[in-house]
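Engineer: The chain contents come next:
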Amino acid sequence: MPRRVRIKDHFAEQRIFTIRSIVAGCLVACLLIAVASRLFYLQVTRHAYYAELSQGNRVRIDPIPPSRGLILDRNGVVLAENLPAFQLELVREQVGTPAQIDASLARLVAIGLIDAEELGSIKRTILSHHVYESVPIKLQLNDEEMALFAIHRYEFTGIDIRTRLSRHYPFGPVAVHALGYVAAISEQDLKHIDAAEYAGTTLIGKLGVEGAYESSLHGKPGYRQVLVNAAGRPVERQGAFTPKLDTRPPVAGADLILSIDMRVQRAAEEALSGLRGAAIAIDPHNGDILALASTPGFDPNGFARGLSNKQYDALANDIDKPLINRALRGAYPPGSTVKPFYALAALKYNVMTPDKTIFCPGHFSLPGSRHLYRDWKPRGHGTIAMRHAIAQSCDVYFYTVAEKLGIDHMHEFMSAFGFGEVTGIDIPGEKPGLMPSVEWKRRTYKRPGEQVWFPGDTISIGIGQGYMLATPLQLAHAVASIAARGENFKPRLVAAVRAAGSETVTPRPVEPEPPITGSSPEQWSVIVEGMEEAAGPGGTAARAAAGAPYKMAGKTGSAQVFTIGQNEKYNEKEVSERMLDHALFISFAPADDPKLAVAVFVENGKHGASTAAPIARKMFDAYLLPNQPPSPVETP
Amino acid sequence: MMLDEFSQSRTRRTFTAGGRTLRLLRLDGPLSGVLALIVCIGILVVYSASGQNVKMVEHHLANIAIAVAALVSLARFATPQYLRLFAPIAYAIGVALLIVVDVTGHIGKGAQRWLDVGFMRFQPSEIMKLAVPMMCAWYMHERPLPPTFKDLLVMGLLIAVPTAMIVMQPDLGTALLIAASGLIVMLLSGLAVQIILVSIPLLVGAAWIGWHFIHEYQRQRILTFLNPENDPLGAGYHIIQSQIAIGSGGVFGKGYMHGSQAQLEFLPERSTDFIFAVIGEEFGLLGQLLVLTLYAIVIGRALYLAMQGQDTFSRLTGGAIALSFFVYVFVNSGMVSGILPVVGVPLPMISYGGTSMVTLLAGFGILMALNSNRKLIGS
Chain A
1 MPRRVRIKDH FAEQRIFTIR SIVAGCLVAC LLIAVASRLF YLQVTRHAYY
51 AELSQGNRVR IDPIPPSRGL ILDRNGVVLA ENLPAFQLEL VREQVGTPAQ
101 IDASLARLVA IGLIDAEELG SIKRTILSHH VYESVPIKLQ LNDEEMALFA
151 IHRYEFTGID IRTRLSRHYP FGPVAVHALG YVAAISEQDL KHIDAAEYAG
201 TTLIGKLGVE GAYESSLHGK PGYRQVLVNA AGRPVERQGA FTPKLDTRPP
251 VAGADLILSI DMRVQRAAEE ALSGLRGAAI AIDPHNGDIL ALASTPGFDP
301 NGFARGLSNK QYDALANDID KPLINRALRG AYPPGSTVKP FYALAALKYN
351 VMTPDKTIFC PGHFSLPGSR HLYRDWKPRG HGTIAMRHAI AQSCDVYFYT
401 VAEKLGIDHM HEFMSAFGFG EVTGIDIPGE KPGLMPSVEW KRRTYKRPGE
451 QVWFPGDTIS IGIGQGYMLA TPLQLAHAVA SIAARGENFK PRLVAAVRAA
501 GSETVTPRPV EPEPPITGSS PEQWSVIVEG MEEAAGPGGT AARAAAGAPY
551 KMAGKTGSAQ VFTIGQNEKY NEKEVSERML DHALFISFAP ADDPKLAVAV
601 FVENGKHGAS TAAPIARKMF DAYLLPNQPP SPVETP
Chain B
637 MMLDEFSQSR TRRTFTAGGR TLRLLRLDGP LSGVLALIVC IGILVVYSAS
687 GQNVKMVEHH LANIAIAVAA LVSLARFATP QYLRLFAPIA YAIGVALLIV
737 VDVTGHIGKG AQRWLDVGFM RFQPSEIMKL AVPMMCAWYM HERPLPPTFK
787 DLLVMGLLIA VPTAMIVMQP DLGTALLIAA SGLIVMLLSG LAVQIILVSI
837 PLLVGAAWIG WHFIHEYQRQ RILTFLNPEN DPLGAGYHII QSQIAIGSGG
887 VFGKGYMHGS QAQLEFLPER STDFIFAVIG EEFGLLGQLL VLTLYAIVIG
937 RALYLAMQGQ DTFSRLTGGA IALSFFVYVF VNSGMVSGIL PVVGVPLPMI
987 SYGGTSMVTL LAGFGILMAL NSNRKLIGS
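Going line by line, the protein sequences match chains A and B. Numbered per the numbering used here, the first sequence spans residues 1 to 636. Numbered per the numbering used here, the second sequence spans residues 637 to 1015.
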């Protein structure tokens, strides 16, 4: 194409521009319509989706933890409550830079408010919270610590004392093994709780009533919708306006009314103080536990406020094992306390009559064996019948009964009283003890030689030694069945429940168990008379029962911690304190109209009569003598 | 002449005192009116979007005052002839300032876009938004349309030099806008359709090569645009929050100062680049369509005025101002609604921020001057 001569043609140029402008205008219109379509898609088609995202952006749901139910004794004495606790809290953003936080914490260490050892975990806790959150760095300050901080307060910004509700046990260690305790929710706990139910809650019940009734005590958390900005910080207003936000109040946990009677409980713990042991008191007519003590105990308030590792290790490694609930978990040979039961068995299976006598020379041996089973009285009891044998705790009499009954009858009879299986008390951790049988021995031992049941095994079990093990709770439960002459109830600690904010107390139904049958009222009377005699003049427990305005029935026991050789004599002065016999005592009172059944166990207490029986006496006095005012309660 | 006399007599009868002022200041009535409306909407939205920050609104008003002064003085006193003479000077000053900024930026080892001129900070690239199209129009003014291949090469160079310098700042968004304003002049001057069709694949190729030369964060922006949900708290956060703001607004919006996304600061850069999302959240689809409609009127009226231009320089400059304005609107609203990548382009005359407002209104001042201060044909 030949090159055209180009000159400026104004009208042609104007036309080019006009056409181009109109085309551009159309393009502009198209693209603006494209944007408008996109806006329509976002605001109309997908409006619901984006509206939800926007709501999720701005509203955070903050949980409101419920207040935990109270625990009261049967007379309304508060055993566990929620008190405002003063704690030191830190707000990161108010303190300042990480260096300033470190400096403030170091200063708290310097004035002695926090331990240098805890610094690491405190820092971790602080860093795991938002900068604007108030983080507890020391729980439950005492008066001195509060005063100490008050003096130095001017040195700190962003650190202050705040009040929160915390669990408090007014009686400290008293009844701790019945109540249990609350402690910080552990990772283990998190596996089996619904995290939503525990949002905002830091403590959870462990062991005892606190643990077993956690779901009733905890309550239901509420929530509060909180307006948050992009940084997650709660704000009052959104621009110039305050939006309406939803709040659901929490539902407090239910209050529990225990069967525990603090008078009996305190009597038991005072009597047991300084000893390692357990004491349980049961109402024989309904299974209510009026006292459940295990010593030494510990102060559950420490767990609620958080123990340092050092404090926890000290408790866990204590040689006296204060964390062990001996009432439920201590399985010991029951010793002579089993004798009234075997006496009743002998009557039931007709191997003895109440008045048939045997001669006790101070030792017993099976026919065709030279092995001697000794009586506790080296010279023997002479000619003796059933009641007297119970009262004097004649071993030879019960060796004879055991030989005549045989292990099968003994196992069957004792199982009906609950030996060898858990009682089903309403708190966790109970041990079943052991009521041995031929079948049990075959199952348990591997070597064929050991699987055989020897006649001698039966003889030891006749006086509560050998393989037999029972917990103090099982003994209390069984002696309650004697007191009620065969009536049998599942032991319980929680007698009634009171819903949050309600005055109505709903009693929990009594749980009867199959009664002990096959014994006539006369037969029951024989062993009760034997036990009365034991607590009467000349009986083994005579001194403990002396002077009581009511009639006690009981049976002492002692259980060997180690076996004495055939030709050795047991010399209590020579064996170390922890190798001494355990002391036991089971009893009920008043003997003719039993209101309370008690089992007492004292580790290495030597003699049931001298160590265990006086403890039971104090518990009976506390319960049965209403004129005696309960000892004054000091509230820490 | 007859027509002119007729319209003037009619005007005298019907126009109010405001109308007389407009004519006295040589302002275009419809364009000025719509611009004023948009600026007023901007003031209201900046107040809400800033979290009711009165200080920011005061600053915004000060910027508007400077911008309006620029518009009015240009419209009243500039003539096409002066503007044409001034175009190469403005271009030269702009390039010189860009060199200064690039050099100081290089020394300061970081992005440097600003020059501090005492009373205000100032972006030299803003000058180029007007200087580049004016320079191209100036070049084409003496030459016959459509442009020859040589003309295209010269204009290409005039565009490429400042664009490359702004890319180096680095400010990809502004560089693209300036390149676009120059290209608009090329297109309006009658660039052959064949060349347009051929250059599209070439541009795609250039984009592919350019990908390897741009900064990592710029690449990230483009990747994020393509898939914002990939990294919701990182680079995609802007786009996601912006779409939530718009989408949750619905047809009627949450109400003035009731937009939770904006008021609670979920929406980043809420009073600057993402202010269109605030309009969407608080005034809904209707509010955004109203704003887009006002912009469409501005563009239409500006194109109309450009068509009235007496010479090539006036027409090309006017057309470039009108269409560049559209590009700003499109790039910002497209970015905020998620159909274009995130580039730092404010919403014209609504976003908070000084220099952009001044450049835009100065541009419209030039447009009005080119239209109303023309010589009468034949005189």
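Just so you know, these hints were derived from the structure itself, not from any lab. Even glycine gets a Cβ: it sits at the ideal position worked out from N, Cα and C. Wrong hints could be hidden among the right ones.
Per the computed footprint, the stretches of chain A lying under chain B, defined by three or more beta-carbons under 8 Å from a beta-carbon of chain B, are [stated by the list, open to error]:
1) 17–24
2) 32–39
3) 44–54
4) 222–230
Pulled from the structure, derived: some chain A residues nowhere near chain B, Cβ distances all over 12 Å [said to hold, decoys possible]:
5) 13
6) 59
7) 106
Engineer: Please go over all the hints and tell whether each is borne out by the structure.
Structural biologist: Now the hints, each set against the structure:
1. 17–24: It holds: at least three residues are needed, and the segment 17–24 of chain A offers 5 whose Cβ sits within less than 8 Å of chain B.
2. 32–39: holds (count 6)
3. 44–54: holds (count 8)
4. 222–230: Coverage by chain B holds for the segment 222–230 of chain A (4 residues, Cβ < 8 Å).
5. 13: Incorrect as stated: the minimum Cβ-Cβ distance to chain B is 4 Å, not above 12 Å.
6. 59: violated, 9 Å
7. 106: Fine: 34 Å to the nearest Cβ keeps residue 106 (chain A) off the interface.
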